[in-house]
Amino acid sequence: MNRIFQWFDERTGLSGPIRDFLNYPVPKYVHRNFLYTLGGLTLISFLIQVVTGILMAFYYDPSTEGAYNSVDYISYQLPLGWLIRGVHHYAASAMVILVSLHMLRTYYFSAYKKPRELNWLTGVLLFFLVLSFGFTGYLLPWDQKGYWATKVGTEIAGSVPLIGGFLMRLMRGGDMLGQATLTRFYAGHILLLPASVAVLIVAHIFQMRFHGMAPAITKKAQAQSKIFVPFFPNWAITDTLCGLGLLALLVYMTWANHAPLEFPADPTSSNYVPRPEWYFLFYFQLLKYFPGALEPVATILIPLFIFGSMVLLPFVDLSEERRPWRKPVTTLVSIFYIIVIVVFTILAMAAYA
Amino acid sequence: MAAPKLPPLPADKGVWDEHVIDRRRFLEVALGVLAGIGGLLVAVPGARFLIGNSLEVSATKWVELGKIADLPVAAVTQVSYSTRATDAWREVNQRGTVYVSSADGGATFTVLDGTCTHLGCIVQWNEGDSRFVCPCHSGHFTRQGEVIDGPPPHRLRQLAVKVQNGALFAEI
Chain L
1 MNRIFQWFDE RTGLSGPIRD FLNYPVPKYV HRNFLYTLGG LTLISFLIQV
51 VTGILMAFYY DPSTEGAYNS VDYISYQLPL GWLIRGVHHY AASAMVILVS
101 LHMLRTYYFS AYKKPRELNW LTGVLLFFLV LSFGFTGYLL PWDQKGYWAT
151 KVGTEIAGSV PLIGGFLMRL MRGGDMLGQA TLTRFYAGHI LLLPASVAVL
201 IVAHIFQMRF HGMAPAITKK AQAQSKIFVP FFPNWAITDT LCGLGLLALL
251 VYMTWANHAP LEFPADPTSS NYVPRPEWYF LFYFQLLKYF PGALEPVATI
301 LIPLFIFGSM VLLPFVDLSE ERRPWRKPVT TLVSIFYIIV IVVFTILAMA
351 AYA
Chain E
1 MAAPKLPPLP ADKGVWDEHV IDRRRFLEVA LGVLAGIGGL LVAVPGARFL
51 IGNSLEVSAT KWVELGKIAD LPVAAVTQVS YSTRATDAWR EVNQRGTVYV
101 SSADGGATFT VLDGTCTHLG CIVQWNEGDS RFVCPCHSGH FTRQGEVIDG
151 PPPHRLRQLA VKVQNGALFA EI
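Chains L and E, in that order, give the protein sequences.
Counting from 1, one number per residue, gives the positions in the first sequence under the numbering used here.
Counting from 1, one number per residue, gives the positions in the second sequence under the numbering used here.
It should be emphasised that the hints constitute simulated quantities derived from the structure, not laboratory data.
Check before you lean on any hint, since a few could be wrong.
[To be verified] So, partial list: chain E residues that the calculated Cβ filter (under 10 Å) puts toward chain L:
no.: 1; residue: GLU56
no.: 2; residue: HIS118
no.: 3; residue: GLN124
no.: 4; residue: GLY128
[What the hints assert, rightly or not] Computed spacing ranges between beta-carbons, pair by pair:
no.: 5; chain 1: L; residue 1: LEU249; chain 2: E; residue 2: VAL42; range: 16 to 22 Å
no.: 6; chain 1: E; residue 1: LEU50; chain 2: L; residue 2: ASN271; range: 33 to 39 Å
no.: 7; chain 1: E; residue 1: VAL29; chain 2: L; residue 2: PHE206; range: 25 to 31 Å
All residues carry an ideal CB built from backbone N, CA and C; glycine is no exception.
Same shape as in the complex, but just chain L:
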């Protein structure tokens, strides 16, 4: 065994970098805090998506004529098809939740501050790529939900002043939702987005390793900040256990409620009420409050403002203070956003209950 290992090492030179990676010192206060597993769990949910996604690509037919039937076949006729598609479906939601919680943890611990600005920025990009995964993914079954959510979603792009029409046509591959749209979303979902996310994850982890953990915010943690445990096995086993727990939860959810598949896309249906995935519901509700000429406020200004403020955050909040209870402005702003999102989501759910 050792000779085989040596044979490979002589030819690849990889044992040094691998050992450095595995022996990376993790502060003990991090090791004791489950809030620090959120990033790793997001990565694990991405890996679950890669595996289940590759498996489904063996059967999925990206055509307007065949997409629905192929997803129906995967869900109801293939051995364990319900499981693979179900885990993919629920892991998508899990990824949105985990990446949001991971960002909130980073936000409240002020881990975006100098010198970690770029790490925050790659994280912001990853967050929006995760949402893009959701948006491109649920068109693929070509059922009512996917069709209408995509129709509304691309119309939102279409309401951008000046370039809206171009953007909408570019997303749809023409003026109507059809074969070109499905192929575009498919290529984006299985090739462009995973490749972009993989590159950004490597950059994100590399930067995190380069700077180490952001300084602790509590006195108790600060007292332990000079005591370390190795990434492998101490920290890796925490991530692995949490990952297994996540997988078990996803399997349970799938078993309890199989991933939904609505009726096939019908462009003529006037009695279908389109609703996006739950994580876009608050935005769906927001659109109701901006009538007529104010529409671009909701469709472009507010999203741009939120994206812009996330990007600018580490360059605006330059204070040394890292404790959220001593930073009322950033803390109250985040609480305001959380309340708006929760209230709007509840309002949207109530409207269609």
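Fit chain E to the known structure of chain L by using the hints.
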């Protein structure tokens, strides 16, 4: 390795300009330019390829909505049409919903595209309130398609109509 220096100028002549380009600097700039050209050679055709035919405006056509005799003249009638169309590389049945009504007992017809002008959902005709309702964001339109309230920025699209051989056609 340091770049080879130019031989010094005679003292009474002066000095070389400190920005005189050396071979290494030239190669760096040349590499940058070549890489840039290579990148553009990939990016420009790539972008054009991705835009593809998405900017083409599809031609309108006359679609039969039904026989005049079969259309109720007093009510607003929902009509789903289906017509053969080309969708990228595929021949498909292009389907959609329009609303047909007549203000003068069937002498002339108004055909409204059922697509809400807000974000593209299909509006529903509510006979009780005598108005169109969009189920997505609660936009309301009159029987003639004018906006009453809600987020829609403009009225429902009114389609050109013609009557031929006892059948109603709309330009879609």
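Let me make sure I understand: some of the numbered hints might not hold for this structure. Which ones are they, in numerical order? The structure conflicts with hints 4, 5, although it agrees with all the remaining ones.
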